[in-house]
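S.K.: We have chain A already, so just place chain B on it with the hints.
Here the protein sequences line up with chains A and B, keeping their order. Sequential numbering of the first sequence, starting at 1, is according to our numbering. Sequential numbering of the second sequence, starting at 1, is according to our numbering.
These are calculated hints, taken from the structure and not from any lab test. Keep in mind the model is a prediction, meaning the values are calculated, not measured. Beta carbons: idealized from backbone N, C-alpha and C, even for Gly. Treat the hints with care, since some could be wrong.
[Claimed, not checked] Example chain B residues on the side facing chain A (calculated, C-beta under 10 Å, incomplete):
#1 PHE42
#2 GLY133
#3 SER137
#4 PHE138
#5 PRO149
#6 TYR193
#7 ASP235
#8 GLY264
#9 GLU272
#10 GLY300
[Unchecked claim] Here chain B is said to cover these stretches of chain A; the calculated rule only asks that three of the stretch's residues, wherever they fall, bring their Cβ under 8 Å from a Cβ of chain B:
#11 167-179
#12 259-271
#13 297-307
There are 2 protein chains.
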Amino acid sequence: MMRQAGRYLPEYREVRQKVSFMELCRSADLATEVSLQPFRRFDPDGVIFFSDILVPVAAMGARVEFGDGGPELPEPVRTSAAIEKLHRFDPASEVPFTGEILSRLKREVGGRAAVLGFCGAPWTLASYLVEGGASRSFAALKTMMGREPGTLRRLLDLLADVASDVLSYQLASGADAVQLFDTWAGELAAEDYREWALPAVARAIAGIRRAQAPVVLYVNGCGHLIEAMAESGADVLSIDWRVPLSDARRRAPGRGLQGNLDPGLLLGEPEEVARRTGAMLEETGGQGHVVNLGHGVLPGSRLECVEAFFDAARRPVRAAALPVTA
Amino acid sequence: MMRQAGRYLPEYREVRQKVSFMELCRSADLATEVSLQPFRRFDPDGVIFFSDILVPVAAMGARVEFGDGGPELPEPVRTSAAIEKLHRFDPASEVPFTGEILSRLKREVGGRAAVLGFCGAPWTLASYLVEGGASRSFAALKTMMGREPGTLRRLLDLLADVASDVLSYQLASGADAVQLFDTWAGELAAEDYREWALPAVARAIAGIRRAQAPVVLYVNGCGHLIEAMAESGADVLSIDWRVPLSDARRRAPGRGLQGNLDPGLLLGEPEEVARRTGAMLEETGGQGHVVNLGHGVLPGSRLECVEAFFDAARRPVRAAALPVTA
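Bound-form chain A, shown alone (with noise of 0.2 Å):
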């Protein structure tokens, strides 16, 4: 489940009670706990390992803050000086804990659950960082993108190599697969998606050493993208709740899917969620597809709902309406 430990859990609010965003994300210890709070309660078949996309990104020298409003960064890379500020970096020297989050995971529920790595993709990356923080318009990226391209082009790059290193780094400390959120590249028409985000993701997935572990590309709003995603190198497709499961597997043949709840449906009632999961389940028929979230879950989250989430998403299913491949 995307943002699987986070603030819907009680025993996660505790913990982050004592400490802030950035000193949970950088303790093996606490982060390590959070990230095995939701397997303890809902024994999934995912332990995503806690940490935030941002977390590289202060790691190449950006100045990167959280505040309850979401992260700033009061310093916007907006200039090709700003980029030659930024560095690639090597993740077992300069975020170590992410490493050894990930390994003590890979001890503690290796062989029952896949534990499970994740960055943020170049463009999204880019958007923090041009932007600021997050963003309605993209309107300081916009102009970036009409105006400076070769700017960006290289900006773009670099977050591509860096995405690379970092998942290389996860693979090798313990993840079993790695995801990459694309969350604000749905902003984009599919003609800018493959002259911008496209090209840098699949730079980002064709730099990580990984033998053979599979790796999963999420956009969200990516209703119009399907058939570009599918040409990224990414293995698996996580795809946000607007798009029918089907519809995927139609113009993505041969890739693996997931998704896609609509993590609203979660402050609702536990039967609606069931009878959801169940639709969606139907349409797959279980085959190729990861049962997930089309978007985080929400602070607010009923527990009951998650469960209920949990629950129908293990009951058998009949056969795939749609094969895996055509």
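M.R.: Just chain B now, with coordinates in the frame of chain A:
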């Protein structure tokens, strides 16, 4: 052009320095003046009256404040009791300035350009009321959807009737066509859109006293909703920049289309704006197509880019690739 009058124009910013946003909306003199500013500068085919979709919400009895960070409703509507305090109203008594602006615009540009009215669609107005402002997750609204469906249904019905009244008054006052903005309905999976947002907007459209005046329905992030939008009763579907027009035409035969250039392109270079506007027109052959942006103009848009957009929209086009009716 959606949000045609606004902060990207120096002459608008000059007016706004002197008055607050709400004062501008309520002053027939000033609102007429700023509505005409883009008409004088770019000679478009349509003049949109200056107002805000929350003007009717304030007239229903809700507290609405316009700050720099967008509108805020400090008393969110989340209970039956809170909904009881809201009321349907007579636009001629409560928002007479909207009628006055439209009748003046009709006198000023009638015959040379269409005068356009608008209103928020029920789902989007409910989002603001329930969330207390703009939202990313719509957690409060989805909680109400899941746990208090009858309450939400009552709120949507009330908002639909208000929208009908408001748009009927705008047409009676001089508007030639009206648009419903369902900006946030693209958040919903198709199943939920059909259950919640669509019946409410269809009720609003059915209730408009309009003779033959066309009704336009805009939904941001509507790629998965085109077929459902075509069942709303709207004559024209206004689509965001991520849906190819040719795709929308196939999926909504017999409906006019409006859109859909990415407004972010207006931050870039005029040559690219001209190229992309031309490509958009080639998709429809300009037939049954109201050339527009896929969302509102962004502050910071370059005047030379806006100029390039209008110029390209006026160029003759080849025949349509796909017929308007199937």
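S.K.: Now tell me, hint by hint, if it's right for this structure.
M.R.: Status of each hint after checking the structure:
At its closest, the beta carbon of B:PHE42 sits 20 Å from a beta carbon of chain A; the interface hint therefore is violated under the 10 Å criterion. Restraint check, B:GLY133 versus chain A: the minimum CB separation of about 12 Å is more than 10 Å; hint violated. With a cut of 10 Å, the hint placing B:SER137 at the interface with chain A holds, because the nearest CB-to-CB distance is about 5 Å. Proximity of B:PHE138 to chain A holds as hinted, the smallest CB-CB distance being about 6 Å (cut-off 10 Å).
The interface hint given for B:PRO149 is met, as the beta carbon of that residue sits about 9 Å from the closest beta carbon of chain A, less than 10 Å. Checking B:TYR193 against chain A by beta carbon gives a least distance of about 9 Å; that is within 10 Å, so the hint holds. The interface hint given for B:ASP235 is violated, since its Cβ lies 24 Å from the closest Cβ of chain A, which is over the 10 Å cut-off. Against a cut-off of 10 Å between C-beta atoms, the interface hint on B:GLY264 holds, since the closest Cβ of chain A lies about 3 Å away.
The interface hint given for B:GLU272 holds, since its Cβ lies 6 Å from the closest Cβ of chain A, which is under the 10 Å cut-off. Below 10 Å, beta-carbon pairs count as interface contacts, and B:GLY300 has one with chain A at about 6 Å; its hint therefore holds. Taking a C-beta to C-beta cut-off of 8 Å, the stretch 167-179 of chain A contributes 0 residues in contact with chain B, too few for the three needed, and the coverage statement is violated. Interface restraint, the stretch 259-271 of chain A with chain B: holds (7 residues with C-beta to C-beta distance below 8 Å; minimum three).
Counting residues of the stretch 297-307 of chain A whose beta-carbon sits less than 8 Å from any beta-carbon of chain B gives 3, enough to reach three: the coverage restraint holds.
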